[in-house]
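First to last, the protein sequences are chains A and B.
What the first sequence shows, in the UniProt record's numbering, is residues 1 to 295, in sequence order.
What the second sequence shows, in the UniProt record's numbering, is residues 1 to 324, in sequence order.
Among these hints, one or two may not hold up.
Here's a subset of chain A near chain B, in silico, CB distances under 8 Å, partners left out [what the hints assert, rightly or not]: (1) ALA41; (2) LEU96; (3) ALA97; (4) PHE119; (5) GLY122; (6) VAL129; (7) GLU136; (8) ALA166; (9) GLY170; (10) THR249; (11) THR269.
Just so you know, these hints were derived from the structure itself, not from any lab.
All C-beta atoms in this analysis are idealised placements derived from N, C-alpha and C, irrespective of residue type, glycine included.
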Amino acid sequence: MTPVPATAPVRGPRRRHSGTHLFLAAMALMWLAPLLWTLYAALRPKAVTDKYGYWSLHGPFGLGNFATAWTQGRMSAYFGNSLLITVPSVVLTLALASMMAFGVSRFRWRFNITLLVLFTAGNMLPPQVLAAPLFEMFKHTPLPYSVSSSGTLLDTYYAVIAVETAFQLGFCTFVLANYMKALPAALTEAALVDGASVWQQFSRVILPLSRPALAALATLEVVWLYNDYFWPLLFIHNGDRLPVTTGITNLQGQFLLDYNMIAAGATITVIPTLVVYLALQRHFVAGLTLGADKG
Amino acid sequence: MPVMQRTMTPPATGAPAGVSGSVPPARPRRVRRLSRRDRVVLGLMVGVPTLIQAVLVWIPTLLSVGLSFTKWNGLDLADIRPAGLGNYSYALKEYPPFWPAVAHNVIWLAFLALVATPLGLLLAVLLDQRIRGSRLYQSVFFTPVMLSMVMVGIIWQLVYARDQGLVNNLLGTAGTPGAVDWFGDSDVNLWAALVATTWRHSGYVMVLYLAGLKGVDPSLREAAALDGAGARQTFLRVVFPAMRPVNIVVVVITIIEALRAFDIVYLINRGTNGLELLSVLVIQNLVGEGQVIGVGSALAVILLVVSLGPIVYYLVRTFRRADS
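Work out the full structure: start from the sequences and follow the hints.
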């Protein structure tokens, strides 16, 4: 250890970071290259890349591949399906998780911590551990054909929404319980003195105060559920009902070796997440790191 | 990937419910003091989510364990026959892809732990300095975190394609017999998939550590600097240990992500030919023709038992802290 003059600024003078910049710039280039390569291929007609190769600068460039991928790939239907799964799942998850979190964090009873621990653990399991029993449970649950074309819970959105909700419930409950536990007890005490019922304490006091956590979780869950591949893959076999993330893999079969078209389809699929990223990045990062910064 | 984050530290307002002993100034209310109507409402608020969680998560987990000791083709419930440990001995001794899958899972974990996670930490430490363009760099490294692993796989398929891909064009091998099919060649495809996974995982770890670094009390660094510690010493001895909660989250995420890895290898080739993983073998035994639910469940239980390690470690760390 070398002694430091007492006048030295705490984190040192603003040093030149040329080595750091070189490293970061190289890494950033490596990080961007796959995205740019995909976008570049998507913008070029296949005839051009067949002639000159993908590693070339020849035009023309255009959005033709996007239009073709959108219509021939039936992507509007996939997007609609994603919406039908994602929106109810996120709403249900947050509604149930906030009630559960309220119950375990604001009240003391015999098993409240045990339940919270079990909820937390459930979300950490690899989904494949539950796959076989859930698949068989749904396969052996008869439904009228007017509700489900398969006559069972398989191939229905109910199955996917239910499992997505149950699987995300643990994480959201855990985050919200921590958040609600940190709210001063005096708040609900005051409401209690005013004669507020449990439901009023929840809906008028705790829930409004939990808005930042709910906003962060909603953003995070929308992206996660939109991105989920596994549960729709397991439960939905009718190709017309798949959400985008699972259905996009059909494009690979459909546009066999037409990399331009696959690149265009991939780019279209990424757009909603990029919109969320640009508009709500703060919430998304807050969701990912909720409280980790307070550790 | 939905993996649990460590969230807030125990709040200053008091110990969580269920802890006996001295009474802190403010603590959750006892249920007993509620009116009957309030108790019913509270019971429903807790009961409905618990029922959903039980039916769709805990019970299926137990059923997996049960099914792993049976022989069943998945058709008629009456056809379920006890099989003892037969499925396990088949998986361990006769099922050809089992040990390769275990080896691949271990490699997956080692690669994430030794390359992807440290890279994320390095990026966070570099970007936490007062450096020009830090936010721009952060955005670049964070972008893949927004993408699904399926998108990551599709994008890297374009990068890795034999004649059309970026990598072989950069290497100058595209269009020649020397071109490597990065996702197709069983000698290299595991590593190629790991590079693609790192592209996403490092950004995730970076975000967690950036938050962790911001949370480190600046006076700790000041004290270390006054004591004459260099930048490296300050980081290793002071800053890194102070980020303990984040470190726990990152360790758990790294292990769990290695056990959960599924999407990208399933996308590439359904997890065959050099890309076998335990998670994929479970599904192969569940869906393909000639369903062997028992064997698939035995593999699921093995995956479950391995996963319980990091899960229990995390729960103990998190909830014991909250209790003390």
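field: List of violated hint numbers, smallest to largest
entry: Of the numbered hints given earlier, the structure breaks none, since each of them holds.
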